[in-house]
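Go ahead and model the full structure; you've got the sequences and the hints to work with.
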Amino acid sequence: MRKSKSKMVKDGCMKKTIVASLVIILSMIGTNIVQAEEKPIKKEMIYSIVVDRFNNGNQTNDNQVDLDDPNSYHGGDIQGIINKLDDIKANGFTTISLAPTMANAPSQYHGYLVEDFFEIEEQFGTIEDLKKLVKEAHDRNIKVVLEFVTSYVAPSHPLVDDPAKTNWTKDATVKDTQWLDDAITLNQENPEVKDMLFKAATFWLEETDIDGYKLHAIDQSSPAFLREFIDQLKTVKPDIYVLGDVLKDQQLGNDYLNLGIPLIENTPMQKSMVKVFSNIGTPRKKTV
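Taking numbering that gives the first Met the number 0, the leading residue of the sequence shown gets 0, the next gets one more, and so forth.
A hint or two may mislead.
Here are the simulated lysine-lysine pairs, DSS-like style, with alpha carbons at most 25 Å apart [stated by the list, open to error]: (1) K193 / K169; (2) K247 / K193; (3) K198 / K233; (4) K247 / K131; (5) K131 / K142; (6) K42 / K193; (7) K193 / K233; (8) K247 / K169; (9) K198 / K42; (10) K131 / K169; (11) K134 / K247; (12) K83 / K130; (13) K88 / K142; (14) K193 / K131; (15) K164 / K131; (16) K83 / K134; (17) K169 / K130; (18) K41 / K134; (19) K134 / K198; (20) K193 / K134; (21) K134 / K169; (22) K42 / K233; (23) K130 / K236; (24) K142 / K233; (25) K169 / K236; (26) K83 / K142; (27) K198 / K83; (28) K41 / K193; (29) K236 / K164; (30) K88 / K131; (31) K198 / K130; (32) K164 / K198; (33) K236 / K131; (34) K142 / K130; (35) K41 / K198; (36) K88 / K134; (37) K236 / K41; (38) K142 / K42; (39) K131 / K198.
Treat the hints as calculated values from the structure; they're not laboratory data.
Okay, structure coming up:
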């Protein structure tokens with residue numbers, strides 16, 4: 000049984016989180032920026048937030064919190080973000096990008112192992128909290144983008160054990176992180192899977208009035224799927240912000256660059272750049 004602690008995330012932890020979020024923003028240096036119609040996104044200052052690691056604004060939902068376990072929930076929630084909106088605005092940020100907020104597998108604080116695409120993770124709050132966050136952000140001229148996982152689900156997602164949905168999943172092609180070892184890869188070529196994902200994306204757009212999505216791991220999806228998915232989103236919200244990120248540090252082909260995603264976050268490249276530029280004075284190794 001997990002040890003529960005209903006205390007506020009310590010100030011030191013929050014300061015580290017703010018620094019970490021700023022580092023994430025620097026990952027934009029290693030992105031592919033494409034000339035597209037969505038020019039305003041290039042003028043945005045985007046603050047990336049892993050909800051659980053940001054700020055604890057409501058201790059009543061801390062039933063899985065264990066500050067001694069680095070892999071457990073640490074108490075950050077949507078109310079905690081609301082409480083910090085003035086600080087975020089004061090620092091010049093115009094958009095907040097939240098890691099996945101959907102109902103998630105136990106102890107997967109990052110949000111990427113989704114159990115239910117139509118529910119909020121209870122550790123983060125309620126859909127009413129998210130609606131309030133969006134309204135409060137918009138009142139401050141701050142846009143809200145949610146990260147959306149289209150490539151995989153948690154092993155505990157109901158579709159995984161449904162005998163009628165065996166063709167909804169497939170073998171994974173990338174498993175290079177610990178949490179991906181636990182992920183079940185979705186078969187995005189299946190029309191029913193596409194329909195489920197689109198309905199989920201539509202739900203959050205219509206229910207909460209978010210400004211857009213950051214599509215997680217676009218390099219694990221086909222350009223054809225992404226094109227169809229983005230086109231569908233634009234039928235719901237024509238001015239939607241659509242961003243992306245990649246799992247692997249690799250050059251994306253024109254099929255990806257021509258999708259109309261104006262900003263693609265390349266975290267693996269950002270980490271490599273940090274490693275290089277943090278070792279000032281170290282000679283670069285010659286390559287043959």
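Checklist entry - Is the Cα-Cα distance between K236 and K41 25 Å or less? => result Given pair K236, K41 holds - Cα atoms ~19 Å apart, limit 25 Å.
Next on the checklist: Does K130 sit within 25 Å of K198, going by the straight-line distance between their CA atoms?
Outcome noted: With a Cα-Cα distance of about 18 Å, the restraint between K198 and K130 holds, given a limit of 25 Å.
Checklist entry - Between K131 and K169, does the CA-CA distance stay at or below 25 Å? => result violated, 37 Å
Item to check | K134 paired with K247 [C-alpha distance capped at 25 Å] | outcome: Roughly 35 Å between the alpha carbons, so the hint for K134 and K247 is violated.
Next on the checklist: Would the hint linking K83 and K130 be met if the CA-CA limit is 25 Å?
Outcome noted: The given pair, whose Cα atoms are some 16 Å apart, holds under the 25 Å limit.
Checklist entry - Do the alpha carbons of K236 and K164 lie within 25 Å of each other, as the hint requires? => result With a Cα-Cα distance of about 30 Å, the restraint between K236 and K164 is violated, given a limit of 25 Å.
Next on the checklist: Run the distance test for K164 versus K198: straight-line Cα separation, threshold 25 Å.
Outcome noted: Holds: K164 and K198 sit about 17 Å apart, inside 25 Å.
Next on the checklist: K142 and K233 were given as a pair; does the straight-line alpha-carbon distance stay at or below 25 Å?
Outcome noted: holds, 17 Å
Checklist entry - Straight-line Cα separation of K169 and K236 no greater than 25 Å? => result violated, 31 Å
Checklist entry - Within 25 Å, alpha carbon to alpha carbon, are K193 and K169? => result holds, 14 Å
Item to check | 25 Å limit on alpha-carbon distance, applied to hinted pair K236 and K131 | outcome: holds, 20 Å
Next on the checklist: Check the hint pairing K41 with K134 against an upper bound of 25 Å on the C-alpha distance.
Outcome noted: Judged against 25 Å, a Cα distance of about 23 Å means the pair holds.
Hint violations for this structure: numbers 4, 6, 9, 10, 11, 14, 15, 17, 20, 21, 25, 27, 28, 29 and 35, all remaining hints satisfied.
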